[in-house]
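When you get a sec, could you build the whole thing from the sequences and use the hints?
Residue numbers (my numbering), protein chains in the order written: chain G, 147 to 370; chain B, 7 to 411.
These are computed hints drawn from the structure, not numbers from a lab.
Everything numeric in this text was worked out from a predicted model, so none of it was measured.
Using N, Cα and C, we set each Cβ at its ideal position, and we do this for glycine too.
Just to be clear, a hint being listed does not mean it is correct.
[To be verified] Some chain B residues close to chain G (C-beta under 10 Å, calculated; not the full set):
1. Val15
2. Tyr19
3. His20
4. Leu24
5. Ile25
6. Ser327
[Stated by the list, open to error] Away from chain G, derived, C-beta distances all over 12 Å, residues of chain B:
7. Lys11
8. Phe17
9. Met18
10. Asn194
11. Thr196
12. Leu289
13. Gly325
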Amino acid sequence: MILKVNNLHKKYQHADGVINALDQINFEVKEGAFVTITGSSGSGKTTLLLSLAGLIKATSGEIYFRDFRIDKANDKELSDFRKNHVGFVMQTFALIPYLTAIENVMLPLAVSRLPDSQKYEAAMDLLKLVGLENRKNHLPKELSAGQQQRVAIARALINKPSLILADEPTGNLDPVLSKEILDLLSDINKKQGITVLMVTHSPMAARYGTIQIQLQDGKINSIT
Amino acid sequence: MNIRKLVWVEFMYHKSQLISGLLAIMLGVAVIVGIRSISVVSEKAVAINLDNLGANILVLPQGSNVDNYYSADIDAPTFPEEYVERVATSSLAGVDNMSPKLTRRIIISGQKTVLTGILPKSELASKPIWQNSGLFGSSLKASCGPSPVNESLGYKDEKLQRKSIDSLAADDCMMGYSVAKRLNVKENGTIVIEGKTFKVAKVISETGTIDDDRIFAHLHTVQHLLGIKEQISAIEIMGCCNAISDGLLGKLRNILPNTKITTIGQIVATQIQTNKMMNKVSLIFLIIIIFVGGISIGNFMWANVNERRKEIGMLRMIGFSRAVIYKMLLAKAFILGVLGGIVGYIIGTAAGMWLGPEIAGLSVAPVPGLIGISLLISIGVSLIGALIPAYLAGRIEPFSNMQEG
Ligand SMILES: Nc1ncnc2c1ncn2[C@@H]1O[C@H](COP(=O)(O)OP(=O)(O)O)[C@@H](O)[C@H]1O
Ligand SMILES: [Mg+2]
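In structure tokens, the structure reads:
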């Protein structure tokens with residue numbers, strides 16, 4: 147098992163009462179799975195994904211990444227965990243505006259001790275994988291939305307993660323571009339055996355999942 | 007791609023915002039460098055000049071001070087040239103040599119310089135008192151040996167000894183080394199001063215004193231040119247030490263009314279006072295830049311951190327630890343400090359070189375030793391100013407909403 151979630155709860159205090167963003171979540175993910183998480187807006191998809199990355203603290207419950215207890219880890223351990231094991235893909239791409247495509251791809255390696263030439267080669271290989279090797283010196287604003295998301299996917303892969311967490315990666319893309327990105331993620335999952343957890347509200351995207359989790363009001367509605 | 011490169015690229019990307027953050031620290035460093043580079047030369051020049059004045063008593067007009075003497079202000083007071091005659095005919099014991107001067111600041115082809123009128127030996131020597139004193143051989147020396155001041159300052163360099171001038175024609179001039187270079191004149195060339203054409207009889211070799219910045223011409227010519235008839239601004243007197251302790255100054259005061267007569271010891275004391283004050287001003291500025299500069303750097307860094315909250319959150323998300331974020335912010339402050347120090351040094355040096363002739367009547371050269379101090383101050387202040395913003399940047403949580411971007 148790459149991920150194991152036991153009895154996860156996340157409560158938010160609001161002016162008009164407590165919101166159970168996550169309520170009694172239990173599931174397991176095998177290495178190499180492609181998990182899609184669907185549910186209506188506000189159902190807790192993002193909260194779940196962020197909890198899995200240790201980016202927000204759950205109110206109660208346990209999260210394991212292999213043997214690593216995410217819910218109990220400190221900031222340094224979580225930084226290392228994300229640096230070494232996780233790749234992130236976001237709806238808004240989250241590229242740094244003043245870095246070129248290849249620099250954005252290399253960014254997670256800025257804190258690693260690899261020689262620069264090795265970082266560059268690795269980034270170049272990934273830009274080839276996403277079909278953007280001839281755009282390597284472009285700034286994000288000089289790229290189309292689909293191209294920016296492909297740069298973000300290349301960045302997510304540079305640290306050779308075992309887990310990719312994607313939050314609505316196609317949310318800002320039209321159907322044609324969406325399919326390209328989903329095929330790319332699927333490819334990465336199949337060929338490199340990287341486990342993917344993808345939040346989406348598109349049924350078309352959800353069909354890419356080997357496991358499909360549906361959330362409703364913070365609870366798991368179904369797992370198929 | 008490494009942290010250093012990342013910091014640098016970000017720095018260059020936001021460089022248009024730099025001026026505001028750096029202004030205070032740059033100006034502060036500039037003021038300190040400016041003051042220091044002027045006072046360094048003034049300290050040195052005063053020491054060298056007084057030692058090589060060839061005199062140990064100065065007769066100045068009432069109400070003037072040593073600063074007037076050096077700066078040669080246009081309205082600096084004067085007294086009658088006839089006073090030279092009075093001393094010469096007074097048969098006061100212990101007056102071994104004198105040199106009357108009229109000094110004024112002038113501008114030649116846009117360059118500020120100082121014109122000094124002097125009397126050549128041939129004309130002074132005609133006065134009976136000088137005839138057998140043996141003064142006009144080579145360098146001027148007190149007949150009773152070197153004065154204690156000379157001993158203590160220890161400038162024994164032969165080329166610094168002011169040689170007496172045997173003769174100087176009415177339309178001859180002698181140029182100091184620096185001024186000749188600045189005006190690009192050569193020996194035996196000509197130069198127009200205040201509308202009159204002079205022959206450059208001599209370019210004096212470099213002495214490292216204010217003489218390098220001066221032009222010397224015949225006293226009477228200078229008086230005529232400047233319309234200051236039969237007036238002088240100073241008499242430099244070489245007095246015998248024993249005579250000075252026997253009250254020579256008092257006797258001179260009796261025959262020279264409305265003058266201020268001081269010994270070099272007093273002048274040095276005055277100058278030391280001035281330099282002390284300059285150092286105090288530098289210290290005040292240092293304290294000001296530590297506060298104002300530190301706050302403005304801190305403010306700049308804080309604005310920068312706020313603008314980049316999402317970016318920093320994203321970096322934290324992809325595995326940058328708090329320590330790395332601190333390091334990035336402090337590295338940026340370090341770059342700011344280096345920049346502030348260098349630019350401040352350049353501005354301060356330029357200001358010193360520009361204002362030096364104005365304030366101290368001295369040509370100011372860059373003082374390379376001040377680069378280190380400028381950098382130290384600027385980097386130190388930047389790092390201190392950046393501490394709080396860096397700390398707060400490190401506290402930024404990794405993305406708390408991945409959809410925010
Ligand atoms: N930082 C927060 N503070 C308070 N409430 C939050 C916060 N983040 C999310 N919530 C609430 O938790 C619930 C789940 O949100 P989220 O996980 O973002 O939903 P989804 O991604 O499925 O649209 C929502 O009701 C939302 O309002
Ligand atoms: Mg969401």
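Here is what the structure says about each hint:
1. This hint holds: B:Val15 has a C-beta 6 Å from the nearest C-beta of chain G, less than the 10 Å allowed.
2. Of the supplied interface hints, the one on B:Tyr19 holds, with its beta-carbon coming within about 4 Å of a beta-carbon of chain G, less than 10 Å.
3. With its C-beta approaching chain G no nearer than about 8 Å, B:His20 sits inside the 10 Å limit, and its interface hint holds.
4. This hint is violated: B:Leu24 has a C-beta 15 Å from the nearest C-beta of chain G, more than the 10 Å allowed.
5. Hint status for B:Ile25 relative to chain G: violated, with the closest Cβ pair at about 19 Å, above 10 Å.
6. At its closest, the beta carbon of B:Ser327 sits 4 Å from a beta carbon of chain G; the interface hint therefore holds under the 10 Å criterion.
7. With a closest Cβ-Cβ approach of about 8 Å to chain G, B:Lys11 is found to fall inside the 12 Å limit, against its non-interface label.
8. Annotated as non-interface, B:Phe17 brings its C-beta within 12 Å of a C-beta of chain G; the closest such distance is 10 Å.
9. Once the 12 Å rule is applied to beta carbons, B:Met18 is inconsistent with being away from chain G; the minimum gap is 8 Å.
10. Non-interface call for B:Asn194 relative to chain G: holds, since the shortest CB-CB distance, roughly 63 Å, exceeds 12 Å.
11. Against the 12 Å criterion, B:Thr196 stays outside the reach of chain G, whose nearest CB is about 61 Å from its own CB.
12. Its beta-carbon lying about 41 Å from the closest one in chain G, B:Leu289 satisfies the requirement of being farther than 12 Å from that chain.
13. Interface exclusion of B:Gly325 from chain G breaks down, the closest Cβ pair being 3 Å apart, not more than 12 Å.
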